[in-house]
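Asker: One letter stands for each residue in the lines below.
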Amino acid sequence: MRHTLSVLVQNESGVLTKISGLFSGRGFNIESLTVAPTQEDKISRLTIVTNGDEKVIEQISKQLNRLINVIKVLDVTAGQSIDRELILIKIAALKPDDRSEILRIAEIFDADIVDVSSKTYTLEVMGDEIKIKSLIELLRPMGIKEMVRSGKVAILREMQTLSV
Amino acid sequence: MTEIKEKLSQKQDKKSKTLTGAQILIQSLLKEGVNQVFGYPGGAVLNIYDELYKCDEMKHFLVRHEQAAVHAAEGFARTTGKPGVAIVTSGPGACNTVTGIANAYYDGYPIIVFTGQVASHLIGNDAFQESDVVGITSSCCKHNYLVNSVEDLPRIIKEAFHIATTGKPGPVVIDLPKDILVAKTEFNYPKKVNITGYNPNCIGHPLQISKALDAIYKAEKPVFMIGGGIIASESYKDFFDLAKTLNIPVVNTLMGIGAFPASDELALGLVGMHGTYPSNMTVANCDLLVAIGCRFSDRVTGNLAKFCKDAAVIHVDIDPCSISKNVKVDIPIVGDAKRVIQDLLKTINPTDLAEKQDKRQQWLAQISEWKKAVVKVAPESDKIAPQVAIEAVYNLTKAKDPIITTEVGQHQMWTALMYKFEQPRRIVTSGGLGTMGFGFPSAVGAQVANPDKLVINIAGDGSIQMNIQELATCVQYNLPVKVFVMNNGYLGMVRQWQEKLFNKNYSETEITGPDYVKLAEAYGATGIRVTKEEEIEPAVKKAMEIDGPVFVDFIVDSFEAVFPWVLAGEPINNVLLGKDD
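Residue numbers (our numbering), protein chains in the order written: chain L, 164 to 327; chain U, 6 to 586.
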């Protein structure tokens with residue numbers, strides 16, 4: 164099963180190496196990983212999407228916690244969080260039919276057209292996993308020339324926070 | 006004008022205790038109570054070595070290979086409980102430490118390794134003798150640091166010692182760019198550490214403790230399995246009380262040797278692949294396994310799916326990662342073994358304890374039957390059987406309560422099986438990583454830490470050749486380490502597998518070596534050769550009398566195999582007791 168883990172780390176050189184090394188060294192998967200500073204200067208937050216059964220996820224959390232630079236690990240999968248992902252997607256837009264179809268899809272998905280040429284459209288879309296996935300599937304027939312995804316970020320709902 | 010300026014700045018230096026990075030390193034080590042270090046100089050650490058030269062309180066031992074420096078530091082740590090320290094140069098020096106660091110990481114012993122690094126502005130430029138130490142060592146140490154500024158150095162050293170010695174102990178690496186060693190700052194060694202992400206949980210949850218005791222009261226066929234955690238937490242006295250109060254038999258992992266006296270009637274000895282027959286049968290047939298300070302390595306569990314599958318498992322460990330990693334645990338207790346054992350002792354209710362005593366007597370009677378199983382020794386030549394040699398060494402040296410280090414292989418397992426360790430911190434052996442070449446340099450460290458003790462390295466002729474150069478270190482510092490080489494002309498453990506599983510195709514396991522007597526003499530040590538059983542006693546006695554390093558070359562049978570033996574992948578009760586099994 165897929166899990167989203169939020170990880171607070173001390174923002175020091177080598178932290179990311181240690182975390183990615185842990186995943187490869189112990190045979191855990193990383194589906195996506197994002198990292199950026201938090202509201203506190205010296206603390207960064209990672210959002211890791213991984214998969215595995217309960218035992219594997221437990222080991223991943225424990226092994227992450229074992230790293231000295233890791234401050235907190237929380238599994239935010241269980242519906243207690245909101246997650247978002249940003250995607251930039253460049254689609255082949257040669258035929259007039261395709262060009263108008265892309266625009267219609269963009270409107271439905273509340274996408275910004277960030278770049279346009281005689282042969283392409285580039286869309287920027289933000290949303291949860293389902294939205295991003297269905298967008299990609301709808302655009303695929305036209306021909307996706309390039310796609311960049313930010314990886315997922317997640318935040319806890321209501322009064323809950325993940326902080327030091 | 007410049008002269009005046011220099012003098013002025015020197016004056017100011019004295020006033021505000023301004024020190025260079027190299028000076029800070031030495032002063033911090035002294036503050037940590039370290040006054041013996043192992044190492045090897047080089048370009049990037051010249052400044053440290055210059056300070057060592059000037060510092061009478063710090064004794065440095067020059068090894069002959071950086072791997073040996075780290076093993077020696079571990080030998081120091083294992084026999085004293087205090088962290089061992091190694092200092093090496095950048096590039097190849099640092100790379101050579103990796104095996105040593107990994108070894109200490111697996112077995113959980115505290116060492117601090119200082120590696121030189123090229124100057125900060127050269128990092129990443131593929132400079133001479135540059136290596137990415139933090140990158141290389143990340144997966145085999147508890148923590149590592151690249152020092153970015155001299156102001157951070159005292160804090161980093163303080164943290165390193167704290168991290169290495171608390172929780173599950175382990176190695177910490179500090180990478181020191183050359184310019185940091187020269188840069189100056191005011192030296193104040195911090196009194197406290199504050200690491201936000203590091204706070205090992207030492208106290209076991211009271212609810213889990215009482216659950217564990219309930220399970221222990223109810224068990225009819227309980228057994229303790231103890232590992233290195235008992236030694237690391239210094240809880241052997243408390244554990245002895247616990248085992249005796251509960252009257253529960255005890256098996257130990259390789260790391261747990263000496264944590265419970267081998268001569269005690271409850272002691273069943275080593276468990277696992279080369280575990281004793283009673284140990285393996287007891288664990289395989291128990292209804293409650295109480296594991297303390299061990300991590301269920303595959304060498305202990307054998308076939309995991311069949312390991313204790315009908316038994317309840319209580320697991321006490323300071324490292325949450327060990328719990329339910331390999332074996333599914335029913336009652337986990339995360340905590341320091343000492344605290345947990347003391348809490349268990351405090352909570353025991355004698356009336357509840359009496360409840361199952363009848364059933365327990367049957368269980369102990371059954372175990373006594375298992376104890377009668379005999380391993381068959383069948384030398385295929387008229388040479389000395391290696392087991393006989395090791396047992397003789399034990400009988401001849403036990404009165405001196407020696408420290409025994411081993412390499413890895415057959416001799417190691419025979420030592421673990423034959424040598425009856427009554428005390429902790431008397432055996433130094435590589436468990437998790439299984440590092441051939443560990444025994445001799447770790448004996449160097451053990452001898453440095455325990456100058457008045459008899460330190461013996463029991464070795465094979467394969468392993469000893471992996472770090473044999475340390476004989477020069479022993480001679481230089483007159484470290485009277487006794488090396489007993491079980492010389493069978495083979496990489497015996499691998500050969501044993503080839504005999505059993507690969508149709509006696511002894512592929513690349515026949516190995517030659519030097520004439521160890523001549524070699525010892527060439528280094529300036531003493532060499533003795535033993536070819537007959539009756540020569541063992543005079544040779545061992547002579548070795549002990551000589552005030553200096555000695556090599557004793559035991560010419561032993563080539564085709565003996567270690568038994569008991571559980572083949573890899575088999576459940577641990579499928580014990581082979583001899584070649585005919």
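Mixed in with the good hints, there may be bad ones.
Computed list of lysine to aspartate or glutamate pairs in EDC-like fashion (alpha-carbon distance at most 20 Å, straight line) [stated by the list, open to error]: (1) U/Lys333 / L/Glu309; (2) L/Lys205 / U/Asp303; (3) L/Lys235 / L/Glu264; (4) U/Lys249 / U/Asp324; (5) L/Lys296 / L/Glu321; (6) L/Lys235 / U/Asp357; (7) L/Lys218 / U/Asp292; (8) L/Lys225 / U/Asp269; (9) U/Lys546 / U/Glu515; (10) U/Lys333 / L/Glu175; (11) U/Lys330 / L/Asp273; (12) U/Lys584 / U/Asp335; (13) U/Lys216 / U/Asp292; (14) U/Lys364 / U/Asp219; (15) U/Lys330 / L/Glu309; (16) L/Lys235 / L/Glu175; (17) L/Lys218 / U/Asp303; (18) U/Lys364 / U/Asp324; (19) U/Lys64 / U/Glu37; (20) U/Lys87 / U/Asp303; (21) L/Lys205 / U/Asp357; (22) U/Lys333 / L/Glu194; (23) U/Lys163 / L/Glu221; (24) U/Lys330 / L/Asp216; (25) U/Lys36 / U/Glu156; (26) L/Lys282 / L/Glu321; (27) L/Lys218 / U/Asp324; (28) U/Lys425 / U/Asp552; (29) L/Lys294 / L/Asp260; (30) U/Lys330 / L/Glu175; (31) L/Lys225 / U/Asp335; (32) L/Lys218 / L/Asp246; (33) U/Lys216 / U/Asp357; (34) L/Lys296 / L/Asp273; (35) U/Lys403 / U/Asp552; (36) U/Lys242 / U/Glu526.
Chain L regions said to be covered by chain U (calculated; three or more residues, Cβ under 8 Å) [said to hold, decoys possible]: (37) 167-178; (38) 215-226; (39) 279-293; (40) 310-320.
It is worth saying that the hints were derived from the structure and are not from the lab. Computed from a predicted model, the values in this text were never measured in an experiment. The beta carbon of each residue, even a glycine, is placed where N, CA and C say it ideally should be.
Asker: So which hints don't hold here, by number, going up?
Answerer: Result: hints 1, 2, 3, 4, 5, 6, 7, 8, 9, 10, 11, 12, 15, 18, 20, 21, 22, 23, 26, 28, 29, 30, 32, 36, 39, 40 break, sorted rising.
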